[in-house]
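Fit chain R to the supplied structure of chain W, relying on the hints for placement.
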Amino acid sequence: MKEWPLWEVFIRSQHGLAHKHVGSLHAPDAEMAINNARDVYTRRNEGVSIWVVKAADIVASSPGDKALLFEPANSKVYRHPTFFPIPDEVKHM
Amino acid sequence: MLLDDKFEYLLRLGDNALILSQRLSQWCGKGPAFEEDMALTNTALDLIGQARMWLSYAGEVEDRGRDEDALAFLRDAHQFRNLLLLEQPNGDYAVTIARQFYFDTWHCLLLQELNKSADSRIAEIAEKALKEVRYHLRRSSDLVVRLGDGTAESQRRMQAALDDLWMYTGEMLTPDEQDELLAAQNIVPDPAILREPWLQYVGSVLRETKLTMPTGTWMQKGGKLGRHTEHLGYVLAEMQFLQRAYPGAKW
Numbered sequence: 005m006k007e008w009p010l011w012e013v014f015i016r017s018q019h020g021l022a023h024k025h026v027g028s029l030h031a032p033d034a035e036m037a038i039n040n041a042r043d044v045y046t047r048r049n050e051g052v053s054i055w056v057v058k059a060a061d062i063v064a065s066s067p068g069d070k071a072l073l074f075e076p077a078n079s080k081v082y083r084h085p086t087f088f089p090i091p092d093e094v095k096h097m
Numbered sequence: 039m040l041l042d043d044k045f046e047y048l049l050r051l052g053d054n055a056l057i058l059s060q061r062l063s064q065w066c067g068k069g070p071a072f073e074e075d076m077a078l079t080n081t082a083l084d085l086i087g088q089a090r091m092w093l094s095y096a097g098e099v100e101d102r103g104r105d106e107d108a109l110a111f112l113r114d115a116h117q118f119r120n121l122l123l124l125e126q127p128n129g130d131y132a133v134t135i136a137r138q139f140y141f142d143t144w145h146c147l148l149l150q151e152l153n154k155s156a157d158s159r160i161a162e163i164a165e166k167a168l169k170e171v172r173y174h175l176r177r178s179s180d181l182v183v184r185l186g187d188g189t190a191e192s193q194r195r196m197q198a199a200l201d202d203l204w205m206y207t208g209e210m211l212t213p214d215e216q217d218e219l220l221a222a223q224n225i226v227p228d229p230a231i232l233r234e235p236w237l238q239y240v241g242s243v244l245r246e247t248k249l250t251m252p253t254g255t256w257m258q259k260g261g262k263l264g265r266h267t268e269h270l271g272y273v274l275a276e277m278q279f280l281q282r283a284y285p286g287a288k289w
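Chains as they are written, first to last, in the numbering used here: chain W, 5 to 97; chain R, 39 to 289.
Take every hint as true, because none was put in to throw you off.
Per label pair, the in silico range of CB-to-CB distance:
| hint | chain 1 | residue 1 | chain 2 | residue 2 | range |
| --- | --- | --- | --- | --- | --- |
| 1 | W | W55 | R | I231 | 35 to 43 Å |
| 2 | R | G271 | W | R48 | 33 to 41 Å |
| 3 | R | A283 | W | H96 | 52 to 60 Å |
| 4 | R | C66 | W | S53 | 25 to 33 Å |
DSSO-like cross-link-like pairs, simulated, lysine-lysine; straight-line CA separation at most 27 Å:
| hint | chain 1 | residue 1 | chain 2 | residue 2 |
| --- | --- | --- | --- | --- |
| 5 | W | K58 | R | K68 |
| 6 | W | K24 | R | K169 |
| 7 | W | K70 | W | K58 |
Everything labelled a hint here was simulated from the structure, so no lab data went into it. Where is the CB? At the ideal position from N, CA and C, for every residue including glycine.
Next comes chain W alone, as it looks inside the complex (with noise of 0.2 Å):
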């Protein structure tokens, strides 16, 4: 089990359109992994639909360039479309 790799789960909830991460599992190969993920994350009737990655293939953002990647938005509230009177005709944005 050491040797086998981890990988990276998104489940398609009922309702939900898209893939949502939701944990992590070993196994062999991609067939198995997608066996493990229906028994290990969808016991409650949580998906209509599986992914599996493996997690060495995701590329993540260095916890370290937070302050260069993100903190520049913060000071630009104008990127936010909160300026805008919504109609009551339009229930749901």
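Just chain R now, kept in the frame of chain W:
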């Protein structure tokens, strides 16, 4: 008379699910990997659900006031009607998987036929169970191939497990009087019609691997009539302890 036969047959179905579920539950927390542990206990839970459906229907058919719990916890070994295969000890993981693979193959074929039963309640339960059992079969077939094609050691163990349990497979595929009586009413299939597809499927999975299909022709039998191996008593002792020591206890 017909009702008695149906009751007996429902016990076979319920006891198969119940005893295998109990066996699989013994792996809980001890699986070879966390993911396997979950998968196996999921299977155990599916089977306990099926056992409840079969045994509660059995209780209704018998009509002597016994519910699913009374049938599960208050019968002794000679009153159980499960296949001998299913009470065999878990052994190593190869043994557990071989037992599962032989049973799942047969279970799937049987439920497909029971789904056409003249008894609508049997057909309904079979339909529900079939969805679960198709997954069980996919999983156990996959693991047989993986262990069979894994290391020299896993292949040796998988082959030994398939060989050791082979003599318990005849019971599933050989009709007895009860089977024939109910088959004549179109309530259950004649087990003989499951034989060819069973051999074919088991063979097709094993052919994908370096494993060879056992060929022995001497078969054990007796479970369907209540003549069990010594192992069942221990399974029941553990499973029934609470209700025996504290009758009627609820939690």
